[in-house]
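Asker: Following my numbering, the numbering of the sequence shown begins with 1 at its first residue and continues without gaps.
Careful: at least some of the hints might be erroneous.
[Claimed, not checked] Straight-line alpha carbon distances no greater than 30 Å define the calculated DSS-like cross-link-like pairs of lysine-lysine that follow: (1) Lys86 x Lys113; (2) Lys127 x Lys79; (3) Lys113 x Lys79; (4) Lys79 x Lys107; (5) Lys107 x Lys127; (6) Lys113 x Lys87; (7) Lys107 x Lys86; (8) Lys86 x Lys127.
[What the hints assert, rightly or not] Ranges of calculated distance between the beta carbons of each label pair, as one might list FRET restraints: (9) Glu54 x Glu28: 16 to 22 Å; (10) Lys113 x Ser25: 33 to 39 Å; (11) Glu61 x Ala132: 21 to 27 Å; (12) Glu106 x Glu76: 29 to 35 Å; (13) Ala53 x Glu136: 30 to 36 Å; (14) Lys107 x Gly49: 17 to 23 Å; (15) Pro20 x Lys127: 17 to 23 Å; (16) Glu129 x Glu76: 17 to 23 Å; (17) Ala53 x Asn138: 30 to 36 Å; (18) Pro114 x Glu47: 33 to 39 Å; (19) Asn115 x Ile51: 32 to 38 Å.
No wet-lab data here; the hints were simulated from the structure.
Note that CB positions come from ideal geometry on N, CA and C, so glycine has one too.
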Amino acid sequence: AGHARPLPRGGPETGAHANPTSMRSGIEVLSLSNGGRKVACLGDMMELGTISAEAHRGVGETVNEYGIDVLITVGERAKLIAEGAKKAGMSDGAVYSFDTIEQLSEKLYDILKPNDVMLLKASRSMKLERIAEFMENNK
1 AGHARPLPRG GPETGAHANP TSMRSGIEVL SLSNGGRKVA CLGDMMELGT
51 ISAEAHRGVG ETVNEYGIDV LITVGERAKL IAEGAKKAGM SDGAVYSFDT
101 IEQLSEKLYD ILKPNDVMLL KASRSMKLER IAEFMENNK
């Protein structure tokens, strides 16, 4: 039984801003990964302007479409990702939303199971890499 692990860094997102296309790419990579449950930990996508709400909900639909097992969202805008996933049919019990990374860190190991594979994806300003660091330091 191994620990839950994030996908390797340097996946589809290389820019400063996550966008619906890069989120979809990451979700697709996660859906093809081997291991235990597939967990998408997604945060706010910044600088989307007037399409922001629609784009976030669309990412949630993508999470459901690709059969991701667990969705964790972090941030105000990312709550719309959770809303989109649930509206598309994802079970309420598989969706967790947090306002801050600190709140998520307190509950992370209540959610994750051994051998889970987790995608971490958000705009750089969300500093979601702190979750990977937290996991590394709290094995």
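Asker: Are the hints correct? Go through all of them and say.
Answerer: Hint-by-hint comparison with the structure:
| no. | hint | verdict |
| --- | --- | --- |
| 1 | Lys86 x Lys113 | holds (22 Å) |
| 2 | Lys127 x Lys79 | holds (17 Å) |
| 3 | Lys113 x Lys79 | holds (23 Å) |
| 4 | Lys79 x Lys107 | holds (17 Å) |
| 5 | Lys107 x Lys127 | holds (18 Å) |
| 6 | Lys113 x Lys87 | holds (25 Å) |
| 7 | Lys107 x Lys86 | holds (20 Å) |
| 8 | Lys86 x Lys127 | holds (25 Å) |
| 9 | Glu54 x Glu28: 16 to 22 Å | holds (20 Å) |
| 10 | Lys113 x Ser25: 33 to 39 Å | violated (25 Å) |
| 11 | Glu61 x Ala132: 21 to 27 Å | holds (26 Å) |
| 12 | Glu106 x Glu76: 29 to 35 Å | violated (18 Å) |
| 13 | Ala53 x Glu136: 30 to 36 Å | holds (34 Å) |
| 14 | Lys107 x Gly49: 17 to 23 Å | violated (32 Å) |
| 15 | Pro20 x Lys127: 17 to 23 Å | holds (20 Å) |
| 16 | Glu129 x Glu76: 17 to 23 Å | holds (19 Å) |
| 17 | Ala53 x Asn138: 30 to 36 Å | holds (34 Å) |
| 18 | Pro114 x Glu47: 33 to 39 Å | holds (37 Å) |
| 19 | Asn115 x Ile51: 32 to 38 Å | holds (36 Å) |
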